[in-house]
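Enquirer: Just need the whole structure built from these sequences, with the hints factored in.
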Amino acid sequence: MSTLTEENYKSASVRRKRLRQLWIAFLLFPAVTILATFVFLPMISAIWYSVYEWDGLVRGDFVGLANFAEVLFNPQSNKFLFNAFFNNVKVFVTLMIVQNGLALALALLLAREPKGYRFYQVVFFLPVILSTVIIGFQWKLFLNPIFGLVNTFLRMVELDSWALPWLGLPETALGSMLIVNAWHWVGFPTLVFLAAIHRIPKDLIEAARLDGASEWNIARDIIWPLMAPAVTIIVVLTFIGSFNWFEIPYIMGGLEGSPAYSTDMLGLLFYRTAFGSVSAGNSDFGTGSALAVLIFIFIFTFSTIATRYLTSREVELS
Amino acid sequence: MSQKKSGDFGTWLMHIFLGFNALIMLYPIIMMALSSFKTNNEIFSAPFALPKSFNLDNFAVIWNETDVPRYFLNSTIVTGISVFVLLVIGTMAAYAVSRYKFRGNIMVSLFFLSGLMLPLRLAIIPLFIQLKALGLVDNLIGLICIYTAMSLPATVFIMTGFLRSLPSELEDSARMDGASELRIMVQIMVPLITPAMVIAGIYNAVPIWNDFFFPLIFIQSPESRTIAQGLTSFFGEYSVNYGVLYAGLTMAALPIMVIFIIQSKRFIAGMTAGAIK
Chain A
57 MSTLTEENYK SASVRRKRLR QLWIAFLLFP AVTILATFVF LPMISAIWYS VYEWDGLVRG
117 DFVGLANFAE VLFNPQSNKF LFNAFFNNVK VFVTLMIVQN GLALALALLL AREPKGYRFY
177 QVVFFLPVIL STVIIGFQWK LFLNPIFGLV NTFLRMVELD SWALPWLGLP ETALGSMLIV
237 NAWHWVGFPT LVFLAAIHRI PKDLIEAARL DGASEWNIAR DIIWPLMAPA VTIIVVLTFI
297 GSFNWFEIPY IMGGLEGSPA YSTDMLGLLF YRTAFGSVSA GNSDFGTGSA LAVLIFIFIF
357 TFSTIATRYL TSREVELS
Chain F
948 MSQKKSGDFG TWLMHIFLGF NALIMLYPII MMALSSFKTN NEIFSAPFAL PKSFNLDNFA
1008 VIWNETDVPR YFLNSTIVTG ISVFVLLVIG TMAAYAVSRY KFRGNIMVSL FFLSGLMLPL
1068 RLAIIPLFIQ LKALGLVDNL IGLICIYTAM SLPATVFIMT GFLRSLPSEL EDSARMDGAS
1128 ELRIMVQIMV PLITPAMVIA GIYNAVPIWN DFFFPLIFIQ SPESRTIAQG LTSFFGEYSV
1188 NYGVLYAGLT MAALPIMVIF IIQSKRFIAG MTAGAIK
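Protein sequences, first through last, are from chains A and F.
Just so you know, the working numbering puts 153 at position 97 of the first sequence, and the rest follows in order with no gaps.
Just so you know, the working numbering puts 1221 at position 274 of the second sequence, and the rest follows in order with no gaps.
These aren't lab readings, by the way, just hints derived from the structure by calculation.
Ideal Cβ placement from N, Cα and C applies to all residues, glycine included.
Among these hints, one or two may not hold up.
To be verified - Coverage of chain A stretches by chain F, computed from C-beta distances (three or more under 8 Å per stretch; other residues unrestricted):
no., segment
1, 136-148
2, 332-346
As the list claims (entries may be wrong) - Reference excerpt, derived from the structure (chain F facing chain A, CB under 8 Å, subset only):
no., residue
3, Phe956
4, Trp959
5, Met979
6, Met1054
7, Ser1056
8, Ile1076
9, Cys1092
10, Ile1093
11, Met1144
12, Val1145
13, Ile1223
What the hints assert, rightly or not - Calculated pairs, DSSO-like style, for lysine-lysine (alpha carbon to alpha carbon, straight line, at most 30 Å):
no., chain 1, residue 1, chain 2, residue 2
14, F, Lys999, A, Lys196
15, F, Lys1212, A, Lys258
16, A, Lys258, A, Lys171
Expert: Okay, here's the thing in structure tokens:
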């Protein structure tokens, strides 16, 4: 009698355990399936596709690394690659200085909670929530050489010689787009930095101030090292964003990086190679995939190295 | 004393700097909105002046003569369904990973975490072929699948963080009372994490609503375009009617700006959620 109940009990516990496993599987199944199908499978396929010849949507022969060689060493096309790559480098460096530098200054000031603190936060963040398409077209209208607000203003204050066709000159087009990008995004790093500064214990800063440390010294010796984790995240996000830069140059300069490829980016080049264009010829999924794999390896390698390096200089508050 | 003086000067400088920046951020948006009430003539002759009247002609053109209302509807459908689905299945997965011990737990967590680092844009070619085979090219369901999938890793990441912070006493006592696992999750745990779900929802909804890249590649027919993508074709059609163009931009910006101004705290918390530990 007693063994029977014990067996009952055992089988009930086994059944409960099975039920629990089934329940966990049920919870995980939809997310795992969708992520595997629409993210991991295409990412792996991209590598696979890059070693084949392609004719439109039809896969041809295995060609080994020929597509990679084509991308990197064909003098007809690799001049576009190097040009675009250096433009992306310019984007990263400029955004680090202009966008993130300004964000740091704004965050340090906002951290002192001046009058209108909430208002400033909302205003600085306002453009961040808008689509790049809206921002790009809006500034394209503002920068119109003849009736755009920017040049009308410059003529009003007698700076006629400054009223340039900003998006039409190879010397000024990329810079103009980067200022637009900084205007669009500066609120994001500002508020990330601000949140990091707010997490620094107040008495630490107060004590330094009582000891007679200057505001500059407090910012450099206390706030800056302690906000390092936020800096790591922003640098890495800026890096990834700069090398994936696509929307602003596409909308403001077009698919060919006008004028004269001065705003050409890896993202635009990839799009042209994969889906075809005037300069890149017909759609080519083979070289397109090879280019995508190269861009991915580059971004992945450098953001990993940067994360490692930047994390190593972070200090922990115990 | 001297310190106080320099502090005052510094405070002035700070307010000038912050105020100037606020002006630079706001002025272009105000100009965009004001220009949307102007005729072409006014835009050329008096670009900085207030509009002569707040007539809605430009908006009427958009409402009656373009597909922009349709684009709005499509964006609402795509964003709404994607965010709903990804919150449900993302929370389910995060719940499994954070509240149960099971073999392979770490593997599953790593699987979701590594998804954070994959830029799906670079896999656009295989994705295109795959969706073509499934008949999902030029189809809003295709977009919903992509957005749901690419937003899942961050959602699982955010939700896991919140779920881990909940104490296990509540769960344990309910379990002693014989409540089923489903009941514990839906009736006890989920109500506790709704604020986190709002944050994860905003974090994903804004970029999905604003996205332009995936529709550019996957949507061709005008009746399936989203608002961000639709603006590009609208700009081609009305390229010389500047008042209408400004009205289109203002209309596209307005709904999200209104929600942001009402809910700015939640928006800021939501959109920076991925970058703040």
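Enquirer: Could you run down the list of hints and mark each one as holding or not?
Expert: Verification of the hints:
no. : hint                   : verdict
1   : 136-148                : violated (count 0)
2   : 332-346                : holds (count 3)
3   : Phe956                 : violated (12 Å)
4   : Trp959                 : violated (11 Å)
5   : Met979                 : holds (5 Å)
6   : Met1054                : violated (11 Å)
7   : Ser1056                : violated (11 Å)
8   : Ile1076                : holds (6 Å)
9   : Cys1092                : holds (5 Å)
10  : Ile1093                : holds (6 Å)
11  : Met1144                : violated (15 Å)
12  : Val1145                : violated (15 Å)
13  : Ile1223                : holds (5 Å)
14  : Lys999(F) - Lys196(A)  : holds (24 Å)
15  : Lys1212(F) - Lys258(A) : holds (22 Å)
16  : Lys258(A) - Lys171(A)  : holds (19 Å)
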